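Asks: Here is what each chain is made of, one letter per residue.
There are 2 protein chains.
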Amino acid sequence: MNREERKSAPIGVFDSGVGGLTVAREIMRHLPNENIVYFGDTARVPYGSKSKDNIIRFSRQIIRFLETKEVKAIVIACNTASALALEVVREEVEIPIIGVVEPGARAALEATKTKKIGVIGTEATIRSAMYEKIIQGIDPEVTVMGKACPLFVPLVEEGFAKHTVTEEIIDFYLASFLKTDIDALILGCTHYPLLRSRIRAYVGERIALVNPAYETAMDLRNLLQVHDMENTDTNQEHGMYSFYVSDAADKFKQFANSILPFDIETTKQINIEEY
Amino acid sequence: MNREERKSAPIGVFDSGVGGLTVAREIMRHLPNENIVYFGDTARVPYGSKSKDNIIRFSRQIIRFLETKEVKAIVIACNTASALALEVVREEVEIPIIGVVEPGARAALEATKTKKIGVIGTEATIRSAMYEKIIQGIDPEVTVMGKACPLFVPLVEEGFAKHTVTEEIIDFYLASFLKTDIDALILGCTHYPLLRSRIRAYVGERIALVNPAYETAMDLRNLLQVHDMENTDTNQEHGMYSFYVSDAADKFKQFANSILPFDIETTKQINIEEY
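So the sequences go chain by chain: R and S. This note's numbering puts the first residue of the first sequence at 1, with every later residue one more than the last. This note's numbering puts the first residue of the second sequence at 1, with every later residue one more than the last.
Keep in mind that the hints were calculated from the coordinates and are not lab data. Every value quoted in this text rests on a predicted model; they were computed, and no experiment measured them. Take the hints with a grain of salt, since some may be wrong.
[Unchecked claim] Among the chain R residues that face chain S by a calculated CB cut under 10 Å, a handful are:
#1 K50
#2 F58
#3 E123
#4 F160
#5 A161
#6 H163
#7 L224
#8 T234
#9 D250
Ideal Cβ placement from N, Cα and C applies to all residues, glycine included.
So here's chain R without its partners, still in its complex pose (with noise of 0.2 Å):
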């Protein structure tokens, strides 16, 4: 690829299925001349109840994938995956690669002033305690509180989003962070900042709900900067957006168009195992 072509290649975006779509929405709001090409493992999603081994396993079948596309640099749309792969594949390919986890510390930081954090995630993502490492690597002296709740990504792919059991299972995971002095609280699931209403109801106005998703893709933005590779190509009104699965190209699709601005056309399904 020459300066130009690169310039013009798109941005690899994927997570275990729709959730990552929330840092999409970001990229595509904030860097629109860029485009993009999602995948998203709806054959083995989630990925947050999977071990590390399985999880670098898929991450690196789906970057071979993003490479046939000839992405220029590749974004981890999923807390998970960022957690646990990130570190690894990042050795190993070399296009630039960024995940959600070191971005989202960063915000909290930002937002803490009785540094303490709590951090909320799937299983594997607080197993890991990769956000505790990094927060901590940049200040010591703050206390990160991590607490899985792995029933928040089928009640909302499930469509309970709304519904009042949602207010029960929000209270069974986040009733001990209100008797500490948080004052800061990471969304560390691509799924949760579609439960965010829900959780600022029942956590006041004292806690900052910290969003992932928009500092990566402050992050992204000088990642492309840097590399000298940010698409100036402003031709169009927006990127160009292909969007691919493992399963269920329709079922995407219907929730992809919930979330994302516009409506998206096509969504391709492949076998992702093959890569």
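Position chain S relative to chain R; hints supplied.
Replies: Chain S in isolation, oriented as in the chain R frame:
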């Protein structure tokens, strides 16, 4: 394999994860001489929200794996795979294969007097309408009402079976059945027997709860008799059981030990995508 070797060969039992252990448990109880090789596809669980194409592909890979263990018969201990893949894979392999849907359908037909049967299951199972097809193939006068209950599996897997929110979610899914005169309700997902007492408390005594697991073990017994391949080696207290998963062997073992009548010693993790 000669005749004696075939008799002592194991039964292959598979499921998307741990749920099929409720079927394996019935086989252990009623066919105590039989050896079992169990496979749980924990790397790709759950199946219930995924497409027919992928469920067929997953089932083929698992059958190829079980064939390497020289099983004499296969039980698909997963309603979703039984409903979506059994018809196709049965044509492709020589060893006899049974699923849980046919036995469950027959058991419900025996239980109903009103000729109105309810079925609960995953999204994919209910969409397939396979229970309805089989029931109406036997008795066209029976009415079948299906309802997908996608949150039941995560509730069980996350240990919420006894939590109060489960009652509200049961009410959400099952309220419409109470207004009908169904008198049999098929627990059409291998996880649901683990919610049996909660569902019983909600629907009352008027409705029989049908668990296909027992009937499946009886079907397996018939099948082995017909093919003259029952294991007649009664030297051991019970059969030999081996457990394989595609992810997180330790977590599987823990769950298995909580629902089987004895502690399992080892669970091996394999890469099912290689089959």
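Asks: Are the hints correct? Go through all of them and say.
Replies: These are the hints, each one checked on the structure:
Below 10 Å, beta-carbon pairs count as interface contacts, and K50 of chain R has one with chain S at about 5 Å; its hint therefore holds. A distance limit of 10 Å between C-beta atoms decides the matter here; for F58 of chain R the minimum to chain S is near 8 Å, and the interface restraint holds. Here the hint on E123 of chain R is kept, as its CB sits about 9 Å from the closest CB of chain S, short of 10 Å. Checking F160 of chain R against chain S: minimum C-beta separation of about 7 Å stays under 10 Å; hint holds.
Because the smallest distance between the Cβ of A161 of chain R and any Cβ of chain S comes to about 13 Å, over 10 Å, the interface hint for this residue is violated. Checking H163 of chain R against chain S by beta carbon gives a least distance of about 7 Å; that is within 10 Å, so the hint holds. Against a cut-off of 10 Å between C-beta atoms, the interface hint on L224 of chain R is violated, since the closest Cβ of chain S lies about 34 Å away. Given the 10 Å rule on beta carbons, the hint for T234 of chain R is violated: about 39 Å separates it from the nearest Cβ of chain S.
The beta carbon of D250 of chain R is positioned within 10 Å of a beta carbon in chain S (closest approach about 9 Å), and the interface hint is therefore held.
In terms of the numbered hints stated before, the structure departs from hints 5, 7, 8, listed from lowest to highest.
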